[in-house]
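Q: Build out the structure end to end from the sequences listed, making use of the hints.
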Amino acid sequence: MTPQRERRGAELVAKYPEARSALVPFLQYCQAEDGYVTDQAIADAAELVGITPAEVESTASFYSLLFRHPIGKHVIQVCRTLGCMLGGADELREHIRTRLGVENLETTADGAITYEEVECLAACDRAPVLQHNLEFVYNVTPEKFDSLLETWRRESPAAALPAE
Amino acid sequence: MSPEKAVREVSVTIDGNTFAVPEGTLVVEAAKHLGTQIPVYCYHPKLEPAGLCRICLVEIEKMPKLQIACATRVADGMVVHTSSAKVAEARRGVLEFLLLNHPLDCPVCDKGGECELQDFTMSYGPGESRLTEPKLHKPKLVDLGPTIVLDEERCILCRRCTRFDDEIAQERTLIVEDRGFKSLISTRNGGAYASYFSGNTTEICPVGALTSKAYRFRSRPWDLNHTDSVCTQCSVGCNYRVDTRFGRVMRTFTRENPAVDDGWICDRGRYTFNYLYAPERLRAPSIKRDGGRVDVTFAEAAVLAGSKLAEAAARGRVGVIGGGRLSDEEAYALQRFAREVLGTNNIDYRTHAQVYASPSRFGARLTDIDDASVILAFGAVTPELAPILDLRIRRAVARGHAKFVYMGPYRPAFTIETRYVKLQRGTLPKELDDLGDAVRRGAGQPGGSDVATIASDIAAAKKIVAIHSGEDAPSADAIERLVETLQQSGRDAGILVVGATGNARGAEAAGCVPNLGPGYAPVSGEPGMTTDQMLAAAADGRLDALFVIGANPALTFPDGALARRALKRVPFLAVADQVMTETASYAHIVFAAASFAEKRGHTTNLEGIRQAFAAAVESPLEVRTDAQIIGALTLATRRGSIGDDPTTLFAELNAAESAPRAKTGGGALARPVVTGASAPIAVPDGALTVIPIPHLYAGGGAAAHDPGTKPMRPEPYAVFSPSDARRLSLDEGARVKLSGASGSIEVSARIAQQVPDGSVLVLAEMPEAPHNLLLDASGGGWANVEVIAGAAEAAG
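Protein sequences appear in the order of chains A and B. The opening position of the first sequence corresponds to residue 1 in my numbering, with each subsequent residue numbered one higher. The opening position of the second sequence corresponds to residue 1 in my numbering, with each subsequent residue numbered one higher.
None of these hints come from the bench; they were simulated from the model. Fair warning: there could be bad hints in the mix.
[Stated by the list, open to error] Listed below are several chain B residues computed to face chain A (Cβ distance under 10 Å; list not exhaustive):
#1 Thr162
#2 Leu174
#3 Asp178
#4 Ser183
#5 Leu184
[As the list claims (entries may be wrong)] Restraint ranges, calculated between C-beta atoms of paired labels, are given here:
#6 B:Lys65 / A:Thr81: 23 to 31 Å
#7 A:Arg20 / B:Lys46: 20 to 28 Å
#8 B:Gly180 / A:Glu94: 18 to 26 Å
#9 A:Glu6 / B:Asn784: 39 to 47 Å
#10 B:Tyr420 / A:Ala122: 50 to 58 Å
#11 B:Pro134 / A:Arg20: 38 to 46 Å
#12 B:Arg8 / A:Leu105: 52 to 60 Å
Ideal Cβ positions, reconstructed from N, Cα and C, are used throughout, including at glycine.
A: Below, the structure written as structure tokens:
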């Protein structure tokens, strides 16, 4: 574990009555640092909170916002549940897949954008919705997506997902 | 909660029957009092309630919704309905969900016929599925490790297996990956689930998801015959069932005995039966003839061996080695054979470093571990030597009331929090006497030292269990002195001796030692020779014949070079065993002996519980039980008659044990004589002290040839400390030659922090690289290290 990571880990552990509670925040921190949850981060987390690496893996795989493989600087999560489906999400997702040239949970060839289909994002009144780096975008149409994509391509965020 | 606290009873009404149960009882358990079955999947009596599967929903009056019986505890006056219309509807619904993506491949499923998903669907489920969409598909053939294949489609995600791995084995390698309908039972990054307890998950799996490689597609449950048996692989004596079909053992299955195994068995015990059908299994006696080995009939072998043994007996130059792998009846017959027929007290079951098996006083029970406050282990590496006993230690420590202390020459990899005390060879008695003094002086120790720390653990302790490897007599005496001190200080304390062989204690009790007859009664006349004396005598040409039965001293006796010299030199050697062992390969006559599954009798476990096992299958034609071999040899010597009927022998053994005899003082059992004691050894400059380390799957004989445990068997290795490795410039995986005073072996090198500098840990009892070629008769030894090939070269 790097000294910096160790320091941050100790701070996080100190926040909770049980060390184990610091597991997810610590993994988020590692993800922000490395871009995704690396094997090293799993090992570090296990050491930090005193559980086996397998148990960390189990937890990490449970949370859809923790990625165990490299992701782009942009993560686009599109709802595939009923409300959005009725609002045209099927066509939207078809459009995005073709436009980016990726399937669900894949990252574009240039490594910039990761695409993911997710369950209900709880904004059914403004369907279809997607999240770009956890920011909601409502009433998305293929055209709206294309223009947003242009904007996103020009930006270069530090990390797709925040540390906390 | 203290155990003394009286348990309050509460009244509960289930399906119209009102009765009292202890407060805190789960509804599912309370229903069992009535004989009412509430269906469960995720619930298991040995695991904490999880409330995952919902099949156990019941109706409880005054509660608006149905409740899960597996996680709801009874309250006074609670009224429960387990078979109302609402409950039936709920069960149908749960089952429909559980079956939603289930492949229904029952006709080819191992579990079919003993599957709770099948059974409950028949009893409570909907007959037909309403699902018209395609089912979700998941991996059907996941290789989970050396023993288990997982079918993710059949899995209903009850998590019994992961909870077993978490709560019982406490190894936490089996996990649930992902979530929701995508959840999979898995290991981290596809790593192996290589627990010593993995087979238990196939039993507790309520469906056919976890299947054992050894049993997969071998039989249907309704075709199996069941025979109650006892595992003889180690000295714990776990109870199990041998399941057979067409006269062949198909699998073994737990048979819960709370006092012994608590319902679990380890994989070594579970899977070591396949050697019965391995090509290496001896199926007929054989004789060394014309430079080769020829098979003969049992009668011919017995007549020849009997006359040779009789000749040697007439000259008083004969010895008998073995007993620790026989049944109690056979061990009794064996010592009769030595004493009455061969006229000698030269008999000894001790073929390992173990020098005694029965604590002469203060014997503890396995269940004493459960509520012990301090568990002291001396050289007994319980995870490798007695895994099911180790589960008890793990549980006691996990519950937070027990402290675990291990004293030994190196720190084994325990799964639990361990207070480790490093011992130099021969220093245990002094450490223990110091500890005893500290206990006598009472609390308020000058802190800092190991002894002071342990003394303060003990000061707060009510119950202490000492676990000894049975090696080294002065240590045994010191442990008994310490336990006596603890008892005098008003504490509950006792000793468990982990046997090197399954029936070490039974053999000792039956009289397979030079100075004691059945029931530890001192023998009349001069005590005979111990194993090391017999081997030394044979090596010097002072013995004319040796009979070795169910023992493999060439691989297990501390001084391997001496054992091999003796077996080679003795003019006549007869060996009885199940496979061609290193010892048997020296024999003039080898008898093919029956296995545990092919005979009946009793076996005595490490705490002295004598348990019966029955014959499950017949043995091959020319194979005989050890009792039959002893009986036939007796007839052939024309020097008496010993029956081979287990029932008669058992009655004789019981009578001999209960015969009145002079007490040996304080009600103590007499201890077998020993020669030598472990004094420090002189290690030449530059050499490393050899410390043998046990491994669950090591061993010669059956263990070396069992196809069931072969995948788990390690390659011979030696472990070096990082600084010694640097000094010797060897890397992990390098091929090294270890040369001792009287032999050398080749092994692969490992490097680990826990190895003390100046020592090398050598995997014990590997026929390919016998550790005992490096040791002397007291178990001490040293080795010079030579790197034969670097890691990369060795791998290539």
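Q: Against each hint, give a clear statement of whether it holds in the structure.
A: So, going through the hints one by one against the coordinates:
no.: 1; hint: Thr162; in the structure: holds, 8 Å
no.: 2; hint: Leu174; in the structure: holds, 7 Å
no.: 3; hint: Asp178; in the structure: holds, 5 Å
no.: 4; hint: Ser183; in the structure: holds, 9 Å
no.: 5; hint: Leu184; in the structure: holds, 9 Å
no.: 6; hint: B:Lys65 / A:Thr81: 23 to 31 Å; in the structure: holds, 26 Å
no.: 7; hint: A:Arg20 / B:Lys46: 20 to 28 Å; in the structure: holds, 24 Å
no.: 8; hint: B:Gly180 / A:Glu94: 18 to 26 Å; in the structure: holds, 24 Å
no.: 9; hint: A:Glu6 / B:Asn784: 39 to 47 Å; in the structure: holds, 42 Å
no.: 10; hint: B:Tyr420 / A:Ala122: 50 to 58 Å; in the structure: holds, 53 Å
no.: 11; hint: B:Pro134 / A:Arg20: 38 to 46 Å; in the structure: holds, 40 Å
no.: 12; hint: B:Arg8 / A:Leu105: 52 to 60 Å; in the structure: holds, 54 Å
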